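K.L.:
Each chain, written out:
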Amino acid sequence: MLYLLDIFGTLIFAISGAFKASQKELDVLGALILAVATGVGGGIVRDVLLGATPPAAFQDELYFIVCLCGGTLVIFIAPYIARQWNMVMAADALGLGVFAAIGAAKASHFGLGPMGIIFMASMTAVGGGVIRDVLANDVPAIVHTDFYATAAIIGGSLFAILYVFNIPEPVLLLVTIVSTTGIRLVAMHWKLSLPRVRRLKK
Amino acid sequence: MLYLLDIFGTLIFAISGAFKASQKELDVLGALILAVATGVGGGIVRDVLLGATPPAAFQDELYFIVCLCGGTLVIFIAPYIARQWNMVMAADALGLGVFAAIGAAKASHFGLGPMGIIFMASMTAVGGGVIRDVLANDVPAIVHTDFYATAAIIGGSLFAILYVFNIPEPVLLLVTIVSTTGIRLVAMHWKLSLPRVRRLKK
Amino acid sequence: MLYLLDIFGTLIFAISGAFKASQKELDVLGALILAVATGVGGGIVRDVLLGATPPAAFQDELYFIVCLCGGTLVIFIAPYIARQWNMVMAADALGLGVFAAIGAAKASHFGLGPMGIIFMASMTAVGGGVIRDVLANDVPAIVHTDFYATAAIIGGSLFAILYVFNIPEPVLLLVTIVSTTGIRLVAMHWKLSLPRVRRLKK
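Chains as they are written, first to last, in my numbering: chain C, 322 to 523; chain H, 322 to 523; chain G, 322 to 523.
One chain only, chain C, in its complex shape (with noise of 0.2 Å):
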């Protein structure tokens, strides 16, 4: 279950980093890299923090497959898919708490602390966006897009809590998903934002 999760999560991703590209008016390739970067990225520097080489992505190739088929679609029908770009939010949000769960149990079983944990179920969710970003050479959505990693850390927040608790993971994982999603989703609908930093004049 957890796993065609991932998958769904990875494939919606890699949409989102494809869709990038045609923003950007890159050739195909262009398209095909983002979608792989923004699909498994996140993934693979989470499993190269943890020193879990080599990364996960490389161990089972569907991951990669799967990107690259996101990436085809935006390619032939971007435009279809552009129309259903509502959904294609709501499934990203659905990705984003996959993700992030993931991330955690993963730092958890290696044996990270609260912080540890925190940080990589945003890693997880958030990198690959991150990378897509830095390759577009735009500045980063999550340091500036609201409630998007803050989602992530308020879900790998609540996993880091209940850990200490001896919950058993399966409910760990359910809550990181749903609390992560929901917030997002809650967050999109009513365009919560979060305070600037006030500009200064160095």
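Honestly, I wouldn't trust all of these hints.
Since copy identity is lost for identical chains, a pair holds within one copy or between any two.
As the list claims (entries may be wrong) - When the alpha-carbon atoms are kept at most 20 Å apart in a straight line, the in silico SDA-like pairs for lysine to any residue are as follows:
1) K345 to I402
2) K427 to E490
3) K345 to L515
4) K427 to P375
5) K345 to S514
6) K427 to F486
What the hints contain is simulated information worked out from the structure, not anything from laboratory work. All values derive from a computational prediction rather than experimental measurement.
Start from chain C and add chains H and G according to the hints.
P.N.:
For chains H and G alone, coordinates are given in the frame of chain C:
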């Protein structure tokens, strides 16, 4: 032989890195940093992903020294090198092929599957250039320059396909180098390009 | 003692990261992300390259907490800190020296040669700032700010040279800290700069 080609590729890539610094009017240190990042960056990322740490470049310091020489050359005789730019680009195509072959071979030694081999071939070949462009705050050439990464991907794919048939490694290496370098040279000569992704108003 | 200096350096770097967020008018989460990335980013990249995973910052969570404190400080009392900017820059020079020394020592523990020691000293010292600038979509300061990375490179080189002579580690650490910090302060005071690479029309 492969070792000498590897050193040669590192030198050429370092030169391309240092040239980026001159285009951006960076100082001499920036030129050396970009020379090192471009020359050994791809291989270092490959080794980190494979878990082969510390990366090869740290175990044979000749790689760093070659990078610094390449950077220094550009600092002192950049105008002379620039006049030979066609020769530099041809040498760069050879470096691309050599790096792709080495990346593919190393991936196969670590037991990766076909997608992993193609990924590591491309990463080794173009990773240094991506780091160079990210540091110089440009959109990485690979997501918009036609038939650069593509050549490495095709070369890596040939390696991955032939690898299944138990063909001896020296043959695989040769096929990868010749195909990658050849495609790159052909693409440069005829200015081949890939189709763009259609732009959307989202 | 070194541990306290390390924590202090992390705090100062985190503050410089969060200030970048205020310059870019990011939200409070962006400020915290840049604080963490700048404070612990260099050390994390160093540990990943060395294969010392999970990186030190995940094994002692005080580092993350210090980063979050630094980021929070900037969010709340940025104008006050900005008025003391010269003091912050002096503290930053000390952090640079401490991080360079720690990076050099760790590289020597992992058996790297002179180039590896210099690389790890510089990477630890300036890596966080590079990540900060890449995330904020600026050209990294190290490739154009004079005598920042240079100071760390000189400090790391002194470590690498003296290391050959079997000088005890505490002396090496002290020499690296004093030289790096000293050169940085001198360069700031006299506004020293390196020559540019001549621009070419390619």
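K.L.:
Against the structure, test the hints numbered earlier, and report the numbers of the ones violated in rising order.
P.N.:
none
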